[in-house]
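Trainee: Residue numbers (my numbering), protein chains in the order written: chain F, 944 to 1309; chain X, 944 to 1309.
Keep in mind that the hints were calculated from the coordinates and are not lab data.
We treat Cβ as the ideally placed atom computed from N, Cα and C, and that holds for glycine.
Not one of these hints is a red herring.
Pairs of lysine-lysine residues, derived as BS3-like cross-links and limited to a Cα-Cα distance of at most 30 Å, are as follows:
hint	chain 1	residue 1	chain 2	residue 2
1	F	K976	F	K1013
2	X	K1075	X	K1103
3	X	K1024	X	K1187
4	F	K1200	X	K1198
5	X	K1103	F	K1174
6	X	K1103	F	K1075
7	F	K950	F	K1251
8	F	K1056	F	K1251
9	X	K1251	F	K1200
10	X	K1187	F	K1200
11	F	K1056	X	K1198
12	F	K1187	X	K1187
13	X	K1089	F	K1103
14	X	K1138	F	K1103
Ranges between beta-carbon positions, derived for each pair:
hint	chain 1	residue 1	chain 2	residue 2	range
15	F	T964	X	K1174	44 to 50 Å
16	X	A965	F	T985	52 to 58 Å
17	F	A965	X	T964	32 to 38 Å
18	F	D1142	X	E1122	23 to 29 Å
19	F	S1005	X	S1213	44 to 50 Å
20	F	S1213	X	L1034	21 to 27 Å
21	F	T985	X	T964	53 to 59 Å
What follows is each chain in one-letter form.
Number of protein chains: 2
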Amino acid sequence: MLLNDRKFKILQAIVNDYIETAEPIGSRTIAKKYSLGISSATIRNEMSDLEDMGLIGQLHTSSGRVPSEKGYRFYVDSMMKSRALSVDEALFLQRMIIDNIGHAEYMIQETAKALSRLTNYPAIVSEPFLKKTTIKHIQLVPLDEKSLLLVLVTDTKTVKNQIVNLPSDTRSSGAPGYETLTRLSAILNRHIAGKSIRDISRDIIDKMLAQFAENAHVLMPVLGIIADMIKAEDDVRVYTSGIKNILAFPEFAEKSKAEAIFHALEDRESLFAILDQGRANFARHQANASREGIQIIIGAENTLDLLKACSLIKANYTIDNGTGCIALIGPMRMDYTQAVSVLSGILQNMQQVIEALGLRNEVQNQ
Amino acid sequence: MLLNDRKFKILQAIVNDYIETAEPIGSRTIAKKYSLGISSATIRNEMSDLEDMGLIGQLHTSSGRVPSEKGYRFYVDSMMKSRALSVDEALFLQRMIIDNIGHAEYMIQETAKALSRLTNYPAIVSEPFLKKTTIKHIQLVPLDEKSLLLVLVTDTKTVKNQIVNLPSDTRSSGAPGYETLTRLSAILNRHIAGKSIRDISRDIIDKMLAQFAENAHVLMPVLGIIADMIKAEDDVRVYTSGIKNILAFPEFAEKSKAEAIFHALEDRESLFAILDQGRANFARHQANASREGIQIIIGAENTLDLLKACSLIKANYTIDNGTGCIALIGPMRMDYTQAVSVLSGILQNMQQVIEALGLRNEVQNQ
DNA sequence: GTTAGCACTCGTCGGTGTCGAGTGCTAACG
DNA sequence: CGTTAGCACTCGACACCGACGAGTGCTAAC
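Please build the complete structure, drawing on both the sequences and the hints.
Mentor: Okay, here's the thing in structure tokens:
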């Protein structure tokens, strides 16, 4: 699509103004507000052309013009200026890096919070989808007579723990003591560290049972819980933040619309559906792929009916054996410039934290 | 306050109807809808009396009547029937108990979810406020050359873990190995298990330093992190669920009101302020104390301006060395009967989970 | 090609009238 | 004396109307 310079400027004025005010904008207003050096009548003619091209539209005859989806698409692809982060934003992100180092578990939640806080749009962040979690280290810790604590470190340095309740009908009175547990931990590590849950064969279990000797009754509950924990680890979680921000947008003034979105953003399944739909569109709009992999999906480009009136800005991030997703939702007239710059800032931020945590390349050679 | 039987029934009809419909109700409607066997004119006379007593009011002359705060108070104190849980509700709670056994950490979040799900009111649940967390067990787990994992079990069986990054300028190359860490863990346990962070004296640290010998450089980072973790443990967290439900109430139709509540329910500080205000009111309305310690705070009885138009139903729950709080928020015309029965069901539920986790009396004698 | 002018459209806003639900008061009834 | 029917009155909700203004398209003149 090719636009002459004047049409370009007028379209830009319309989109910017609408992003800011959410009101249809007329020719006279453009002439007054933006000094383009042409009269409102000329602008009217140009606007008429832009409407013919499908870039703008009007809600009814004789209201001002509003960008169409195609108009937003054009704006995003061709006239959006990339903006550097403001000092405040950059400082905020810096602080976040510092706070998060050493807290891999919270980083993802914090990222969602930061995103919505900086942009005032609802944010969604999913944990990385890992191909196959492997066990890095196991430790049994004594608790009391009837139970012990199982601590599990996975190859992503995620740490899980759970209480193991021992069967009460065991011969030996009570749980094994500290020294015994240390010995049992060593046996467990020798046999299953570095393996995924599928790799634990009957053969290995038998060997361990033999070595556990009089403590054999401890092994099965422990293995069962390890399996559960690894399964839970393979379950990707999603976090949202700033959902209430949608109340501030006039396009969601009707409570029913706001409620529909609220509902979707509280439900795990629909969150995944939202994040997932990017894939189909990715090929279609190559222009965005260039922007550090940040995708912008506008209005009806969304495959979910629920989002037909919204825009979605999303990107993937990578931890060496999996990728997660991070996204912002807003009305179609969202401030793409700001949202994209913040999102790309956060992506860099996450990368730094991930590197600081040493998750990058050292995991395989444990 | 004494009401004759007819006034009693009329007031009950007004409150019930208003809870259900959120519309002012007139004498004719009462006569038709509730078969009290008296005419609308008689009802008008009685309503006039009820208004003089301050139990009901009207928004403007010639609109129907609406319960006043005093009216709700009377309703809650004298005419609310206690209702048994429905089969569905009971089953839902049963399931929750099963799911939560062994997951002390999630129980509180799950409780908030269950509350809001069963009542359709926003729920707030705070973690127990513990007087002084003590260390029950410490375990050091090897991770890699530069770091190790510290696992801490406290007297509430909460388990925390954090990665300890060792100073890189240490003489000995890399972190201690598995056997060494096991030995160091034993030293730590011998000296500080059963103590709170304040009890760890300079003297104890010196002794441990001596025993750590060539691994002394590991001790200080570890102790620093233990202090942080205990401090974080003493920080009570609060969870909310179902905030979006307020959108369904006509009294929050104006977005600005809904937004104010949203804001308060997303902010930790104001959540505590909400939960805290019960104390002052507790003495005032003894009548409620009888209902298993469930308090009902209506409208202006709230000390927070924000809640002057709301009601709050709250209760405390106890784990042996601390108490937490659990609450529901709704419009003044909330369905007190249902809310109270669900809340009391959940309280019993929590008690069962707590007992199943063995947190009750066995903790002290570790 | 640009602009001024004009007729036309349509949503918004204030004013007006009607309708219905509600009330209080009074008088009649058992 | 308590209860009820009837009546006048109040007031919000709603529909209707006209004025106003922001906006458009079209045409003619510059």
